[in-house]
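Protein chains in written order, with our numbering: chain F, 1 to 504; chain X, 1 to 384; chain S, 1 to 292.
Possibly wrong hints are sitting among the right ones.
[Stated by the list, open to error] Below are the BS3-like pairs computed for lysine-lysine, each with C-alpha atoms no more than 30 Å apart in a straight line:
id	chain 1	residue 1	chain 2	residue 2
1	X	154	F	189
2	X	74	F	182
3	F	185	F	302
4	S	142	F	166
5	S	62	F	339
6	S	62	S	142
7	F	400	F	23
8	F	182	X	168
9	X	168	X	109
10	X	183	X	168
11	F	142	S	142
12	F	198	F	56
13	X	168	F	185
14	X	183	F	182
15	F	357	S	113
16	S	116	F	39
17	X	105	X	154
[What the hints assert, rightly or not] Derived contacts from chain S toward chain X, CB cut-off under 8 Å, selection only:
id	residue
18	89
19	181
20	183
21	186
22	187
23	188
24	189
25	209
[To be verified] Non-contacting residues of chain S with respect to chain F, defined by C-beta distances greater than 10 Å in every case (computed):
id	residue
26	65
27	103
28	162
29	254
Everything labelled a hint here was simulated from the structure, so no lab data went into it.
Note that CB positions come from ideal geometry on N, CA and C, so glycine has one too.
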Amino acid sequence: MTRLDELDYLGLPPAKQRLYNIKVFFADLPKKCGSALKKIPSAIGHGFAGIGGFFKDIGHTFADGDVKTKLSFFIMGFGQFFRRQIGRGIIFLIMEAVFIVFMAMFGFGYLADMRNLGTVAVEKTLNDYGLEVTVYKDNSLKILLYGVLTIFFVVGFLWTWYLNIKQNYTAQKLIEEGIRPKAFKDDLKSLGDEQYYKTLLAVPLLGITVFTVIPIFFMILVAFTNYDYAHLPPESLFSWVGFENFQTILTTDISGSGKFAYTFREILIWTLIWALVATFSNYFLGMFVAICINRKGIKFKKVFRTILVMTIAVPQFVSLLLVSKMFANEGIVNSILLKLGAITENIGWMTTPTMAKIMVLVINLWVGIPYLMLITTGVLMNIPADLYESAKIDGASGIKQFTKITLPYMLFVTGPYLLTSFTANINNFNVIYLLTAGAPKTMEYDGGAGKTDLLITWLYTLTITNNDYKMAAVIGILVFLVIAVISLVVYNVSPAMKNEEDFQ
Amino acid sequence: MADVKLTNIKKQYDNGFVAVHDFNLEIKHEEFIVLVGPSGCGKSTTLRMIAGLEDISGGTLEIDGNVVNDMEPKDRDIAMVFQNYALYPHMSVYENIAFGLRLRKVPNKEIHQKVLEAAEILGITELLGRKPKQLSGGQRQRVAIGRAIVRVPKVFLMDEPLSNLDAKLRNQMRAEIILLREKIRTTFVYVTHDQTEAMTLGDRIVIMKDGYVMQVGTPQELFNHPANLFVAGFIGTPQMNFFDAELKKHGNGYTAKIDDAVINVPEYICTALDERGEVPKNVKLGIRPENLMIVPNDTPNSIIASVRVNEMMGSEIHIHADFNGDPSKKIIARVQIADMTDEEQRELLGSSTLNFVFRERTINLFDPEDGRNLAVRDAVAVPK
Amino acid sequence: MAENNTSDVKYRSKSGRERFTRTMIYIFLTLLCVIWLIPFFYLVFQAFRGESQNMVTYVIPKQWSMNNFRILFNETNFLHWYKNTLIIALFNAVLQTVIVLSVAYALSRMRFKGRKLLMNVMLVLGMFPGFLSMIATYFLLKLVGLTSENSVPGLILVYAASSGMGYYIAKGFFDTIPRSLDEAARIDGASRSRVFFRIIMPMAKPIIIYTIMMAFIAPWGDFMYASLITFGHEEAYNVAVGLYKWLDKEHINNYFTVFCAGGLFVSVPVTVLFMALQRYYVEGVTGGAVKG
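Put together the whole structure using the sequences plus the hints.
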């Protein structure tokens with residue numbers, strides 16, 4: 001592809017310029033995607049460099065520290081006591097004590113059990129009366145759970161330990177310079193001021209760690225076990241299986257035993273189609289409705305808007321469940337059509353695969369248009385009016401104004417929104433589950449999946465109905481990878497997302 | 001007493017960009033200092049470091065002899081007026097002014113008295129009950145100043161306080177700030193990009209470019225003896241004219257030759273040149289537009305220029321011309337016409353070429369390499 | 001004269017075209033509104049239908065009655081579910097609002113080491129399907145006994161705990177408040193916590209109401225998490241999980257109209273609340289561009 005220099009480019013007629021832009025975009029796409037993906041290893045590299053720096057830092061602190069600082073490596077809070085920071089010292093010391101007690105009593109045991117997730121699940125023994133009783137021994141689930149908690153506990157402790165020696169070192173340096181380090185009282189005071197963010201973020205981050213980070217870490221580990229209906233604690237154990245589950249789901253041999261892989265692939269494709277069509281159909285139709293409502297001279301703007309917005313308020317499980325029943329085989333839609341003589345037998349709105357797929361997309365418009373109408377209205381109102389005025393003076397028609405001003409502006413501003421909306425649609429549990437619950441089910445698919453199932457609803461079925469946790473975990477990880485790769489690429493290709501401050 | 005002392009102050013952002021390099025300044029008690037420079041020169045950053053709103057990356061900042069580098073703004077006993085006024089929109093004017101006193105737990109009676117006093121000084125007593133939204137730009141400006149003066153701070157910081165006002169109001173407020181300063185004797189640090197404001201307000205002016213201090217001095221020093229080409233071009237409107245000149249020693253003195261015109265270098269510059277020892281052969285000669293004087297054709301030692309545009313300002317004319325008819329060598333002359341008859345004025349406006357001579361004692365000579373004024377000691381080079 | 005005529009015609013034809021376009025838009029929008037309202041009318045009709053409880057082939061009831069509501073309140077666990085959901089919603093409204101505003105303020109207003117990293121980590125965490133972490137969360141909650149019959153506190157924890165990751169809209173709002181206000185207050189002598197409470201909060205009324213509203217409404221519609229946490233314990237269901245069961249094959253013939261009655265009973269208060277505060281919702285979603 002030959003590149004034009006700027007003046008040659010500007011000399012082209014507009015249509016050719018656009019053609020050229022598109023060509024350049026696609027010619028650059030592999031390179032851009034490549035550079036986006038190349039960032040992953042470099043990011044990992046940075047991560048390791050960070051860890052390396054961390055250890056170097058610790059070493060340096062130890063070498064350069066005085067006796068108090070050095071002793072604080074072993075007795076946390078030691079230095080603080082002797083630097084008149086007693087409050088800090090006590091807290092650190094208590095933490096160390098708690099940690100040592102915990103590790104000695106439970107922690108090491110849990111970590112040791114993590115190796116094989118238990119050896120004996122149940123033992124039949126005779127009790128004092130000579131009756132056989134079942135005694136539950138090792139529970140893989142609990143071992144894994146406690147193990148993960150212990151790991152996080154250790155990481156948290158290491159971080160505290162690092163803070164402890166860092167603070168010691170800073171205090172030491174300050175004293176050497178003749179400045180009195182901050183007293184405990186000042187620390188508390190600064191939590192309402194310079195360090196107020198710590199106060200604000202403490203609880204939210206604790207919540208996120210316990211209810212998001214630890215669970216995700218746990219489920220990533222589950223993906224490497226054989227935890228499923230055949231290995232349900234407490235009756236039986238599950239154990240590490242390495243990458244076996246990933247092999248099962250990604251195998252290319254889709255005959256016979258590869259049915260699961262086939263199901264995954266089909267559902268992945270449908271999920272992507274669904275997300276793409278749902279996002280863009282909502283986007284453009286929502287924009288169209290917004291333009292209609294906001295057109296000059298249209299009255300009752302607020303009435304139209306309010307009626308549409310009302311559907312956002314009604315809980316989806318009411319509206320969507322009801323709509324799904326209206327389109328059921330014996331539902332009201334078929335009944336009325338039969339009465340009117342428009343059809344002679346019931347249409348399988350939700351039971352024939354293709355029809356069902358179309359229907360969920362259409363009904364999703366009913367859900368999505370009001371929301372998009374609002375968002376695009378917001379953007380429309382922000383387009384500077386003088387842009388339109390100058391276009392009108394230049395003699396642009398309504399359609400020209402739309403394609404030359406409205407659309408580019410809209411795409412530019414809502415670019416990030418389109419991406420989030422796309423990923424939200426990949427995980428759009430409610431619409432699919434409440435409308436079809438994945439139906440129509442088919443024998444072609446494994447794992448209880450149906451033709452309209454998305455990965456997320458399949459994940460739900462695998463967990464709730466099939467207890468196939470290992471595969472649910474694998475699918476969850478793959479969904480993450482899909483979203484992460486798409487986001488990374490879009491983020492790097494689109495010009496509008498580079499700078500946080502630009503979008504503030 | 002409130003001296004402010006900045007020693008080797010440096011500001012480097014996390015991305016490595018250095019906004020302020022090695023800033024040194026001693027501000028005396030009750031002095032009015034103006035920081036001026038084009039946008040992005042680091043003047044606001046410096047002010048914000050004094051305020052405590054930006055961390056100081058290097059050097060020390062002292063107020064009243066105490067190092068305050070790590071002190072929170074609220075503990076520095078300063079007040080600041082912001083460019084966009086930063087009035088609390090949900091509070092009345094009264095509460096806006098009283099807020100700082102309330103936070104300092106001043107008794108209510110005293111607050112009331114002080115707020116009324118400040119409002120009196122600024123003439124906003126009748127606005128005290130209003131919300132900021134109901135005020136005009138000039139009124140908001142007054143409230144912002146009121147909020148600052150009510151606490152009688154050690155240092156009074158102002159960050160482009162007039163730039164959101166229209167030209168007329170700006171002139172009026174400028175005069176009021178001068179009056180205000182008479183009433184509340186305290187130390188002022190004032191940031192602006194407008195050199196007129198700087199000249200009219202400052203006891204001393206600090207002129208900055210790309211994070212470097214170009215010159216510190218009284219308005220007079222800056223105007224008459226700019227330390228380098230940048231200061232020379234920045235201060236004064238229309239801009240100073242620059243010519244390539246050839247420097248020659250003649251007995252005790254020097255002459256500068258521009259084409260055929262020979263200009264005698266003023267004595268104080270000659271002395272400075274002699275002290276330097278090494279004197280460059282080619283220099284830039286700078287002269288302000290008002291110091292180019294029209295002379296009849298064929299006057300010896302005059303330069304000739306072809307007129308492009310005349311700007312009739314009423315009492316004076318700004319003549320834009322090409323030196324020697326060369327369009328790449330533009331010069332501007334500022335000619336007083338108050339004592340010319342209409343006929344003379346018309347004749348002047350109609351001429352296509354003009355001859356000028358230089359008011360010799362006003363010229364400045366600059367090193368063409370680094371831009372420094374050859375006669376100013378310790379002049380700073382213009383950063384590349 | 002002739003010239004005048006043509007321009008006149010041109011003018012008239014333009015306004016005629018405009019009138020046509022407008023008529024088309026009115027027709028389109030009216031049609032759209034009708035389609036959007038059909039399910040709600042259907043819901044109301046079915047909720048008050050007295051002759052039977054199954055799905056029927058006509059829309060308008062033959063006999064209007066409150067019978068479905070009587071069944072709903074007397075013969076089912078609906079009131080339990082309603083109470084559960086209401087408690088969850090109220091708690092969530094408080095907790096989530098506090099958490100979201102804290103995170104949004106910290107990230108919008110304060111600059112500290114690790115801020116960017118934190119935002120990126122939250123972004124990446126958000127890319128994992130929520131239900132994935134729910135599976136493990138379920139085991140965690142079970143460990144401390146907050147599932148099944150104790151689902152209400154469990155669900156409150158689940159909703160509130162991770163809500164810090166949804167700080168974007170509130171942060172967007174805070175970002176529009178000029179930073180010089182904070183700075184002026186800090187110079188006036190306020191600590192950051194005071195700035196938060198005395199300056200930012202009074203100005204953030206729209207976003208506070210928006211956050212409370214979203215946090216209150218979300219639990220009414222949640223099916224996915226609630227169905228997992230409350231699994232197998234009917235009294236602990238929330239309305240979504242409870243009503244969902246009535247539409248499966250075994251129940252639908254006896255409960256369809258009762259479902260509609262229940263749905264109506266849930267939707268009306270939520271919708272009324274929503275419509276009353278619609279202005280804040282619209283402002284929140286559109287970043288303040290549209291005053292609802």
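Is it true that the CA of residue 168(X) sits at most 30 Å from the CA of residue 109(X)? Given that 30 Å is the threshold and the Cα spacing comes to 38 Å, the pair is violated.
Is residue 400(F) within 30 Å of residue 23(F), Cα to Cα? The hint holds at about 23 Å.
Given the proposed pairing of residue 62(S) with residue 339(F), does the C-alpha separation stay at or below 30 Å? Cα-Cα ~17 Å, so holds.
Please work out if residue 142(S) and residue 166(F) have their alpha carbons no farther apart than 30 Å. violated, 39 Å
Compute the least Cβ-Cβ separation between residue 103(S) and chain F, then decide whether it is above 10 Å. violated, 5 Å
Given a cut of 8 Å on the nearest C-beta pair, is the interface hint for residue 181(S) held or broken against chain X? Holds, about 5 Å.
Do the alpha carbons of residue 154(X) and residue 189(F) lie within 30 Å of each other, as the hint requires? holds, 25 Å
The hint names residue 186(S) as touching chain X; please verify it with the least Cβ-Cβ distance against 8 Å. holds, 5 Å
Proposed interface contact between residue 89(S) and chain X, which counts if any beta carbon pair is under 8 Å: violated, 29 Å
Measuring from the C-beta of residue 187(S) to each C-beta in chain X, is the shortest one below 8 Å? holds, 5 Å
Sort out whether residue 113(S) lies within 30 Å of residue 357(F), counting only the CA atoms. violated, 48 Å
Between the alpha carbons of residue 168(X) and residue 185(F), is the straight-line distance 30 Å or under? violated, 52 Å
Hint compliance for this structure: hints 3, 4, 6, 8, 9, 13, 14, 15, 18, 25, 27, 28 are broken, all remaining hints hold.
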